[in-house]
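**Student:** Given next are the chains, with one letter for each unit.
2 protein chains.
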Amino acid sequence: MARTASLSGFPEWLPEERLVELHVLDTLRKVFELHGFASIETRAVETVGQLLRKGEIDKEVYGLSRLQDDDDTSDAGKAGKADPNALALHFDLTVPFARYVVENAGYLAFPFRRYQIQKVWRGERPQEGRAREFTQADIDVVGDGELPFRYDVEIALVIAEALSALPIPDFRLRINNRKLAEGFYRGIGLDDTAGVLRSIDKLEKIGPAKVAELLKTELGATDDQAQAALKLAGIRTEDTSFVARVRALGVTNDLLEEGLNELEQVIEAAVQRAPGKVVADLSIARGLDYYTGTVVETVLVGHEQLGSICSGGRYDALASKGNRKFPGVGLSIGVTRLVSRILSQDLAKASRSVPTAVLVALTNDDSWGAAQDIAAQLRSRGIATEVAAKAEKFGKQIKFADRRGIPFVWFTDDDGKHQVKDIRSGEQADADPATWTPPSEDLNVQVTTVQVPAAAAQPA
Amino acid sequence: MARTASLSGFPEWLPEERLVELHVLDTLRKVFELHGFASIETRAVETVGQLLRKGEIDKEVYGLSRLQDDDDTSDAGKAGKADPNALALHFDLTVPFARYVVENAGYLAFPFRRYQIQKVWRGERPQEGRAREFTQADIDVVGDGELPFRYDVEIALVIAEALSALPIPDFRLRINNRKLAEGFYRGIGLDDTAGVLRSIDKLEKIGPAKVAELLKTELGATDDQAQAALKLAGIRTEDTSFVARVRALGVTNDLLEEGLNELEQVIEAAVQRAPGKVVADLSIARGLDYYTGTVVETVLVGHEQLGSICSGGRYDALASKGNRKFPGVGLSIGVTRLVSRILSQDLAKASRSVPTAVLVALTNDDSWGAAQDIAAQLRSRGIATEVAAKAEKFGKQIKFADRRGIPFVWFTDDDGKHQVKDIRSGEQADADPATWTPPSEDLNVQVTTVQVPAAAAQPA
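Those sequence lines, one after another, are chains A and B. Converting from the first sequence to my numbering requires adding 111 to each position, the first position being numbered 1. Converting from the second sequence to my numbering requires adding 111 to each position, the first position being numbered 1.
If you are wondering where the hints come from, they were derived from the structure by calculation, not from laboratory data. Among the hints, a few may not be true.
Any copy, or any two copies together, can satisfy a pair, since identical chains are not distinguished.
Said to hold, decoys possible - Under the rule of at most 25 Å between Cα atoms (straight-line distance), these lysine-lysine pairs were calculated in the DSS-like manner:
| hint | residue 1 | residue 2 |
| --- | --- | --- |
| 1 | 504 | 460 |
| 2 | 321 | 342 |
| 3 | 460 | 141 |
| 4 | 436 | 501 |
| 5 | 316 | 327 |
| 6 | 436 | 507 |
| 7 | 230 | 316 |
| 8 | 432 | 528 |
| 9 | 510 | 436 |
So that you can see chain A by itself, here it is in the shape it has in the complex (with noise of 0.2 Å):
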């Protein structure tokens, strides 16, 4: 495996590799309707307009154009930069969505719960981990006027859960809140709330000493409003135990307050019901993005490097009819991000590279309308099945299932007798198509996680 993308950040998956997502992508669906969460899809693409509403993004976003566009601009657009109607790509399910909400809001019942599985797109430049077409999983809800903040607490199970149902290593969801953020650098001065929160953003590329010359430099904080910054985002805990250590910093502020308390929901809710998958992380900021309240990342334990491999929290203003508001909370799986890594480090393999569990082979050339009669009676009962296109001798055909993976051939000789062969094992046996399957291991393929010596498990 790990083979080259013939177009560097667009990947494409063998068939064997294609089953190990499908696994995930199936799994991911199932938890989601299994919580009530309707399936959307938006159309690949947006107006420029819309996907540059919140600024600052256009460097990544993919324009379009009709290659003989000779006449007609209106739609399209050659001058993508410009033309806020032009059309481009989506490079995030969030903004659609809220377009999508805004569109629909006279057809939706509210609160609305939906999941979104679909390809994105950003022009960057890719790497390990970041690719230019990729594969995003998003569930929210969004509110008309209002959504009760319970909401954000059971985002987060629903996601734990769902995380937790994939062949992946173990995993953190790392949650912070906007308010207490905010609130805080208010109750010790800092106004510029976003500057310092881009500023925390860095620490883990940069570190504490380089942020606090950046909150010094750029944003005029003092010594002791920077290191007061800094601690709070040292604050770090499993359990709830993280509000007495805000408290201790002796900063008061309403909106702290608010903060703390619904982080405290958060956590508390997670400890019992998704016990050591989340922890409360006071560093976490989710950079620029349009977030009010709560915000999550999640990292791979052990592939903390791979960045987040999940993303989101609480908007409370992203989509807007009139007066009329649509808050919302949500988080997006990068699935595309997942699949890579379980590909590259073989973390979970496909129990087999076919759907197909039965070759049925031909005694001869006549025999192939009676080999499909046998087929259409073992596809009637679940299993997949294929039939030879020529009678070739046996040892060939056998050989045929073996290249292509398929665990069980089918003979029927002249008399009428089936028979059943495991190619893996050789065993062979009588079998009738009326009443014959194959152990409930090998009806469908099956992707599992691939145990990895503890030794071998730490990334180089």
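Go by the hints and put chain B onto chain A.
**Tutor:** Quick look at chain B alone, frame taken from chain A:
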């Protein structure tokens, strides 16, 4: 329903409409996998050079460029028109699949059978049945060097089975063979067979008189030649009697014989295995495409004006790597065209608009945790369940379920006694969270065909 897309040609579905689409996609996937087709996806973009390899289609292609592409034109390319390395969105799944096969030939087992369900884009003028972004579902079998003709038969049967499993009106696969047509044209002395095919392809649009005119003026055909070509195109039979009818036209040609024999095999198998679903239709040409043998179009009975909902055929030279050829045969279902028609004419409906079967109501605000425990028990048995976010009056919580389309509401009183109410019938009964299950028709969303009165079944 039948809202207008906010961007012409880019349809988006409401959640209950998406359930119909999901049902169609799930059904196709299931049938394809039961027949041993493996899933793959290719990237959404190809190089312009790759897409235009067969020429004459660039009018429809969307080129890509990074909106802030200041210095870097090598990978995206502003001047898409000229640069074959520029990127563009794929307009079908066959051309990308051919590229994928060539690139990954060393990793695939041939004959390689895959299904591929993805969006494609064409910058055409949108109209009924023709979108700019739409989903195709393709199956193909590709061989290394050679591919037995039997796969042409098999592909037609698999598609007939797949379409039969969908909640759509009756359909007909209309099948022809390029060898048959080309051999016949040569046999009557018309050597520009591509030109004749192109004219015959217009038969349904402009009628036989104008096609005869075209053949004479553009290709220099005599009146006899034009009439013979039209006679051939007029043959349409539900069984293999087309062979005798072609022979009765008195033309002899080796390629014609080969084509007659091939088409006979397909129709013979279809009469037996997909009775009533397939016709030999000697007017089918498939325009300028890359087909070399079997060609297929499919109409919905009573919806013929919608155009073909499933097309394809045999291509012997689409993919090659040096001297190595990869002949293939495949068919492509126009999923969006089908789903649009199902939705706009209410041909099928989802039994409810959300996946959720049960809403667990809250007795008081502190009961959220206990309600989550009940929900988890139900989910562990595959029952999609959500929990109310607020302890409003029961009447309000029932109203919420009703508005969301959730059939059951779960109540727990202060003594811990559980009851479940079917809010459609009003029936309420004791229930145990460890054992209760809804009736099987309520467990998952069902998508079923809507029975239309016979008189209304005819389109306007």
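**Student:** Of the hints stated earlier, which fail here?
**Tutor:** 1, 7 and 8
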